[in-house]
Amino acid sequence: MGLSFALSVSAQDYDFGDVSKEELQETFNSIDSSAHACYLYKYRRTHIEYNQATGFQLITEVHDRVKIYDKEGLDFATKALRLYKDGSDEESLVGLKGYTYNLENDKITEDKLKKDGVFKTELSRYRNEKKFTMPNVKTGSIIEYKYQINSPFITKVDEFVFQHDIPVKTLVAIFETPEYFNFKVNTKGYIPISPKKSVKSGKILFTDKTRSSSVYGAQTKFSNSNINFKKNVDEFNLSDVPALKAEPYVNSIDNYRSSLNYELSFTRFPNAATKNYSTTWEDVIKTIYRSSSFGDELDKTSYFKDDIDALIGTTSDPIKRAGMIYQFVKSKIKWNGYYGYYVNDGVKKAYKDHVGNVAEINLMLTAMLNYAGVKAYPVLVSTRQNGIPLFPTREGYNYVITYVKENGQGFLLDATSQYCSANVLPYRVLNWQGRVITEHGNSQLLDLYPKELSMSSVSMMVDIDDEGMLTGVLRDFKTNHKALSYRINYNESNKDEFLEQLENKYKGIEISDFEVKNENDLSKPVIESYKFVKESQADIIGDKMYFSPLFFFKVDENPFKLNRREYPVDFGYPSETAYRININIPEGYKIEELPESGVFALPDNLGTFKYNVSGIGSKIQVLISTKINSPIISPLYYDDLKMYFSQLVEKEAEQIVLTKV
Amino acid sequence: MRSRYIINVFFFLFSLLVFTQQELYTSYTISDSLSANANAVIRSNDMRVSLKSSSEMHVVYKRIITVLNKQGNDAVDAYVYYDNNIKIKELQAIVYNALGVQIKKIKKSDFKDVSAVSGGTLYSDSRVKYLEYTPIAYPYTVEFTTEIVNENTAFIRPFRPIDGYNVSAENSTYSIIYPPNLEIRTKEKNFELFNLEKTKNSNEISYKVKNLAALESEMYGPTFFDISPMVLVAATQFSLEGVESTAENWNDFGKWMYKDLIMGTDDLPQSTILKVQELVKNETTDLGKAKKIYQYVQDKTRYISVQVGIGGWKPFNTSEVDRLGYGDCKALSNYTMALLKAVGVKSNYVVLYAGQSQRSFEKDFAAMMGNHAILNIPMEDEDVWLECTNQKVPFGFIGNFTDDRDVLVVTPEGGKIVHTKKYEPEESVQHIQGSYDISNEGYIQAKVKLKSKGIQYNSKYSLESETERELDKHYKNQWGYINSISINEIHVENNKETIEFMEEVSFQAPNYSKIVADRMLLPVNAFNRNEHIPDRYRNRKFSLKVKRGFTDLDEVEIKLPSNYKLEALPKNYNIENKFGHYKAEVVVKDESTLIYKREFVVKDGEFPKEDYKKFRDFHKAVARYDNSKIALIKNQPN
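Protein chains in written order, with our numbering: chain A, 1 to 661; chain B, 1 to 638.
Keep in mind the hints are simulated off the structure, nothing from the lab. It is possible that part of the hints are untrue.
Calculated pairs, DSS-like style, for lysine-lysine (alpha carbon to alpha carbon, straight line, at most 30 angstroms) [stated by the list, open to error]: (1) 505(A) / 514(B); (2) 561(A) / 514(B); (3) 107(A) / 291(B); (4) 627(A) / 473(B); (5) 634(B) / 590(A); (6) 541(B) / 531(A); (7) 314(B) / 112(A); (8) 131(A) / 314(B); (9) 275(B) / 112(A); (10) 105(B) / 305(A); (11) 614(B) / 495(A); (12) 70(B) / 334(A); (13) 341(B) / 114(A); (14) 97(A) / 314(B).
I would like the entire structure built from these sequences, with the hints used as guidance.
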């Protein structure tokens with residue numbers, strides 16, 4: 001009873017054009033006073049209809065009513081809609097109608113959206129864009145629009161989004177499909193969502209035309225036939241949905257946006273066999289695997305045969321062969337910046353042109369490895385930008401890498417970046433789990449976050465003089481991901497600029513004898529070394545000198561400033577930074593006070609900070625290390641993490657005191 | 001302020017010259033002087049502009065560029081804009097490897113073709129075809145060839161041998177051929193260091209320049225347009241969207257703009273005229289009326305940029321803006337002008353370059369320029385400038401978006417170059433008044449009031465509409481050097497009448513003052529530490545330019561913890577030089593109270609490059625003194 005009552009009320013309340021004075025008089029949102037605008041009503045109904053001329057069509061009707069509270073909210077008066085096309089099939093926008101309502105002298109005025117406010121742009125071969133911007137919108141206005149999108153792409157149902165950048169007062173979403181279509185539902189986000197399900201009846205009318213000739217002349221007859229079927233209806237009614245607010249150190253805020261996705265899993269038409277799209281991960285993987293843009297590309301070998309035979313001819317060890325082939329692909333084929341697990345121009349063309357997308361490069365790598373007798377498998381990956389693949393969908397993944405399993409060891413390879421190595425994958429790939437596709441399209445999950453620590457070990461010998469000037473030499477060993485990002489940065493930049501940037505990073509340090517080793521030898525840590533001078537590194541007050549033992553390496557700010565956090569903190573990889581610093585104090589001074597040594601740790605071995613300062617005569621030795629053992633930390637530990645960094649900043653700020661002898 | 005005025009449409013066009021010199025395609029023939037600091041080297045750049053008449057311009061362009069590293073990819077610049085008036089006749093790119101062997105050929109149909117809608121623009125009918133190429137090895141060379149025909153001749157591509165930082169040029173040529181009935185004007189800029197060869201005869205002007213080393217961007221340097229060599233070119237008789245015109249100086253140019261672009265667009269409905277007349281009826285001065293009108297525009301309109309056909313150059317009709325409540329910078333400026341006229345206040349349409357870099361119009365060379373429009377109200381003492389695309393900025397405040405530069409003021413009598421308002425360091429003041437207490441544990445409890453004016457107001461006024469959460473973040477970042485800071489109270493006030501922004505904030509943080517044995521080290525400057533040190537250059541190339549100056553005045557009362565007494569104060573400090581001055585002193589008020597006074601003034605101006613190091617030293621000294629600490633010592637128990 002409650003539901004039907006609520007439904008009829010909302011239907012009455014939000015008739016198109018039925019905007020009330022109360023709504024127009026509202027000056028702020030009662031549940032979120034910081035909101036710039038609010039969807040008073042957000043309606044969407046998506047359904048599949050049959051038309052004899054065009055076949056099945058996906059129809060989406062939208063009706064939004066938006067209240068603008070302040071000038072920032074004016075951005076919501078413009079809307080852009082993406083319309084897809086593929087050959088002659090394209091989505092179309094019909095029935096766009098819009099009004100802006102204002103209150104003037106206690107009267108409601110309306111301005112109609114006219115043609116001059118609607119714009120169409122061809123973005124690419126596959127995408128058009130329609131934009132519209134509402135007339136006469138100001139602070140306090142209400143805008144309302146409705147439109148319908150007709151789409152021939154019935155397998156592509158746009159995500160139902162329940163949480164927006166502004167709050168929603170009343171949200172109604174309906175998805176209606178004939179019984180022949182079976183959709184899989186995936187939800188994400190923090191708001192509990194469940195549809196009210198019901199069944200309606202539907203009818204398709206067919207008109208048949210028959211022509212017959214007789215002695216009286218030709219005659220055309222029309223006959224009608226009906227097909228009755230059931231429609232499954234999901235309806236969502238939500239009210240007062242809070243806005244989604246971005247937080248720092250989140251891989252993608254969309255991972256946390258409350259939304260729901262319908263993906264076509266199978267169709268079953270009368271008198272026809274069931275046609276599967278995807279239901280389980282196994283189905284998804286099989287669909288991908290069987291596609292000619294994936295599986296077939298793995299089977300091709302003729303294009304590289306001769307080159308690979310020549311390359312690996314002298315060695316039989318599979319691990320060595322893997323190394324050679326990986327190196328070969330990295331140096332031969334350059335990545336064009338495009339993602340995807342399906343090839344674009346195909347592996348053969350990529351090989352010939354020395355350029356390819358992610359799939360072309362890594363499927364080629366996998367194929368070559370298999371050809372050379374190395375057990376290698378493609379791994380589907382969702383990049384950090386793409387979010388976490390929580391539910392079995394083909395869109396869940398957008399990238400593919402290679403997994404090699406030989407002699408009981410397994411390692412991951414990505415040949416799109418020449419500075420990557422075994423298990424050291426590009427940062428974009430470090431996102432939860434990938435799916436390894438084994439023989440015959442079976443699959444299993446594989447953790448993509450690196451296990452091994454990425455190190456930076458800094459050793460430094462410095463002299464500090466009685467004016468606080470620091471002179472020294474420094475050497476920094478970097479491994480794994482720290483080495484990877486250093487190599488990309490260093491090798492791909494102008495060397496003079498690199499040096500200037502380094503100097504400016506440490507505000508006013510002056511560097512000489514700068515040297516980098518192993519910048520291209522991935523089997524060794526990259527080593528950076530230089531001499532430096534930096535002024536005013538101590539406070540000299542009276543006959544005392546004060547300075548922090550970490551000097552300019554000191555962490556000055558806690559990266560975690562917010563009081564509360566909803567989402568995990570994602571570091572990407574586990575890491576350790578260690579400093580070993582030997583300090584010679586100026587002549588005529590002696591050590592008066594050294595900071596106490598100490599250790600503190602995050603719970604559950606998530607991280608540790610070790611701090612040790614010791615001194616004898618005119619020499620001080622400093623050993624400090626910070627370690628984060630987990631690439632990702634749950635928000636449950638946020639307070640601990642914030643506290644840990646606060647303690648770390650505190651501890652690193654502690655001072656050594658020297659006194660004049 | 002995200003406005004855009006699409007007057008500077010890019011014209012990329014050009015060359016049928018066939019180079020036979022194979023060495024242009026190999027990467028090994030580049031001299032050291034050209035590869036120094038370069039990410040890419042333009043081997044040959046040849047542009048041939050040919051005016052058939054004032055309404056038909058052919059441009060043939062050929063550019064051979066060798067890319068040395070990844071950063072150089074952007075310099076390939078193989079793209080061409082087109083629209084209804086521009087037809088692409090030829091478009092091709094050929095890629096060569098380091099040895100000069102052709103490895104790829106890209107035909108016209110293989111160029112990517114997209115809408116040229118840039119950020120902030122809702123719609124534009126301009127499109128662009130561009131080359132998408134993934135280099136397979138460095139260095140590589142691209143030969144890019146285009147030919148276009150343009151019916152608009154109001155803009156003629158300038159000769160720019162280098163068009164970006166870190167790109168050098170080996171050979172660059174430019175020519176313009178024109179019929180006898182057309183007059184061509186040119187202006188050569190920044191060629192002092194190069195040997196620019198120019199030949200001119202009755203129907204052709206041509207230029208040639210060789211071996212231009214790469215320029216590097218420097219902090220506090222002049223803008224690129226003030227240092228890069230270029231020849232500006234304009235035809236005195238030109239055509240825009242089918243309309244023929246003649247202009248040879250700014251006065252003519254302004255006349256033409258007024259006549260063809262502005263005049264006739266004012267068709268405000270009578271009802272609106274009556275409404276605004278009613279609105280200002282109690283105002284007795286022009287200034288008072290203008291303020292009312294400006295407020296009216298800010299409340300009624302929003303910025304939406306739509307660039308269609310002549311709409312790219314001409315403002316919408318004022319009745320359109322009146323009905324729709326939106327428009328781009330041209331439309332909104334023109335609309336405001338019409339409303340002002342309706343209440344008897346005279347104002348002028350202004351075309352200029354917007355942006356922080358303060359790019360000026362060329363005083364002595366009239367041609368289509370600019371990317372933005374604002375309004376000018378001539379006044380007895382000081383002209384008022386109005387930014388009409390921003391709904392929040394106070395009347396007459398133009399900020400760093402359009403300040404201190406030469407602009408074109410369009411009047412019915414003709415155009416003139418006028419300089420916009422400059423914010424002097426004396427008026428760009430931030431005044432800090434604050435106090436803080438330190439506890440025996442080193443805890444700080446602080447309360448501070450900041451008042452900002454002039455150009456310092458510019459970076460503040462948007463705080464007015466921030467949410468509490470954003471403000472909390474803002475202040476935590478502003479005082480990021482105070483660990484574990486928590487912000488207690490925030491109160492901001494935007495006085496649009498006096499153009500002054502006031503902030504009152506109180507905060508607290510543990511361990512602000514560091515305890516070392518029986519001493520305490522107290523960083524004296526809690527509210528306004530200058531941590532900025534200009535970048536170091538081993539070999540500074542360009543003069544030092546400080547675009548905008550400012551004044552910071554701080555006065556802070558410090559309460560010392562009861563268990564400690566003063567041991568040592570930082571020395572009072574006073575530096576004064578041509579870049580400004582800095583003064584910091586701590587005065588003992590009584591045994592538990594200190595007064596900290598700080599004055600930091602940076603003047604704007606241009607100085608020779610030799611001064612850069614001194615300027616940097618000045619900032620280093622300020623950063624050092626801003627970090628001064630007071631030493632306190634524990635009271636000995638009696």
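Going down the list of hints, with the structure as the test:
1. Restraint check for residue 505(A) and residue 514(B): satisfied, since their Cα atoms lie roughly 26 angstroms apart, inside the 30 angstroms limit.
2. Note on residue 561(A) and residue 514(B): the hinted pairing holds, with a Cα-Cα distance of about 21 angstroms set against a maximum of 30 angstroms.
3. Between residue 107(A) and residue 291(B) the alpha-carbon distance is near 27 angstroms, which keeps this suggested pair within the 30 angstroms criterion.
4. With a C-alpha separation of about 27 angstroms, the suggested pairing of residue 627(A) with residue 473(B) holds against the 30 angstroms cut-off.
5. With a C-alpha separation of about 22 angstroms, the suggested pairing of residue 634(B) with residue 590(A) holds against the 30 angstroms cut-off.
6. For the suggested pair residue 541(B) and residue 531(A), the alpha carbons sit about 25 angstroms apart, so the restraint of at most 30 angstroms is met.
7. Simply put, residue 314(B) and residue 112(A) have alpha-carbon atoms about 25 angstroms apart, close enough for the 30 angstroms limit, and the pair holds.
8. Straight-line distance between C-alpha atoms of residue 131(A) and residue 314(B) comes to about 22 angstroms, which keeps the hinted pair within the 30 angstroms bound.
9. For a cut-off of 30 angstroms, the pair hint linking residue 275(B) to residue 112(A) stands: about 22 angstroms separates their Cα positions.
10. Taken as a hint, the residue 105(B) and residue 305(A) pair is honoured in the structure, with Cα atoms around 27 angstroms apart against an allowance of 30 angstroms.
11. Using a Cα cut-off of 30 angstroms, the hinted pair residue 614(B) and residue 495(A) holds, with the two alpha carbons roughly 26 angstroms apart.
12. Our distance criterion of 30 angstroms between C-alpha atoms is met by residue 70(B) and residue 334(A), whose separation comes to about 12 angstroms.
13. For the given pair, residue 341(B) sits about 28 angstroms from residue 114(A) by alpha-carbon distance, which is consistent with the 30 angstroms threshold.
14. Of the supplied pair hints, the one linking residue 97(A) and residue 314(B) holds, its CA atoms being roughly 29 angstroms apart against a limit of 30 angstroms.
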